[in-house]
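**Student:** Listed below, chain by chain, are the residues.
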Amino acid sequence: SQTIHQWPATLVQPVGSPLSLECTVEGTSNPNLYWYRQAAGRGLQLLFYSVGIGQISSEVPQNLSASRPQDRQFILSSKKLLLSDSGFYLCARGGTGEQYFGPGTRLTVT
Amino acid sequence: QQPVQSPQAVILREGEDAVINCSSSKALYSVHWYRQKHGEAPVFLMILLKGGEQKGHDKISASFNEKKQQSSLYLTASQLSYSGTYFCGTTGGGGADGLTFGKGTHLIIQP
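Just so you know, the sequences run in chain order A and B. Quick note on numbering: this note's numbering labels position 7 of the first sequence as 7, and the sequence is numbered without any gaps. Quick note on numbering: this note's numbering labels position 36 of the second sequence as 36, and the sequence is numbered without any gaps.
Not one of these hints is a red herring.
Simulated pairs of lysine to aspartate or glutamate, DMTMM-like, Cα-Cα distance not exceeding 20 Å:
(1) B:LYS59 with B:ASP17
(2) A:LYS80 with A:GLU22
(3) B:LYS26 with A:GLU59
(4) B:LYS103 with B:GLU40
(5) B:LYS59 with B:GLU16
(6) B:LYS68 with B:GLU53
(7) B:LYS103 with A:GLU59
(8) B:LYS50 with B:ASP97
(9) B:LYS103 with A:ASP85
Going by beta-carbon spacing under 7 Å, a handful of chain B positions derived as facing chain A:
(10) ALA41
(11) PRO42
(12) PHE44
(13) ILE47
(14) ALA96
(15) GLY98
(16) PHE101
(17) LYS103
(18) GLY104
Which stretches of chain A does chain B cover? Using the computed rule of at least three CB atoms under 8 Å from a CB of chain B, they are:
(19) 30 to 37
(20) 40 to 49
(21) 100 to 110
Hint data in this document are derived by calculation from the structure and do not stem from the laboratory. Glycine residues also receive a C-beta, built at the ideal position from the N, C-alpha and C atoms.
Starting from the given sequences, assemble the full structure and let the hints guide the process.
**Tutor:** Encoded structure:
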């Protein structure tokens, strides 16, 4: 089976601190990977997607960045968090058209 | 551009039917439907592709009108477990594009 892991599950960080969220995928090679954010009570917003190692496409200009150092690893980072970065961060992998979400990381910036 | 979902919220009795709609102002290649329970990640329900192909759960049905750029999700004989927020996500092309999601439809099923 193809499993998506996200780490950590929850995180509380002060404004101005750095961020690193990790997503790893099992059971498939060279998957398309995606980062979405869901603000409280809102819909999902696409942040980044990647079709392979080192290939990142950004959808929304902001203080976040993404990297894909390994085939099955996708990392979301920030050098300095803002209050508006709070939300539910979801990693997704592409299948044969459809996308499946990981369990998510709930980030609160204080 | 973000697709528009309607209605925003629905309250049903167990066993009743519901239809959730998703419409876009631009041409669509695919429509994806998800259900999200409070505090959890969205769960894939169905994908509908331009040309008529569909993939998803046996107990879920949906339609995709390519000309009108609209999709509808049909929930029949609703069960308590159907409660949650339903999102449609769309793509305009067939590549690796991410999804553009609607704001969601809140569905509450009462016993």
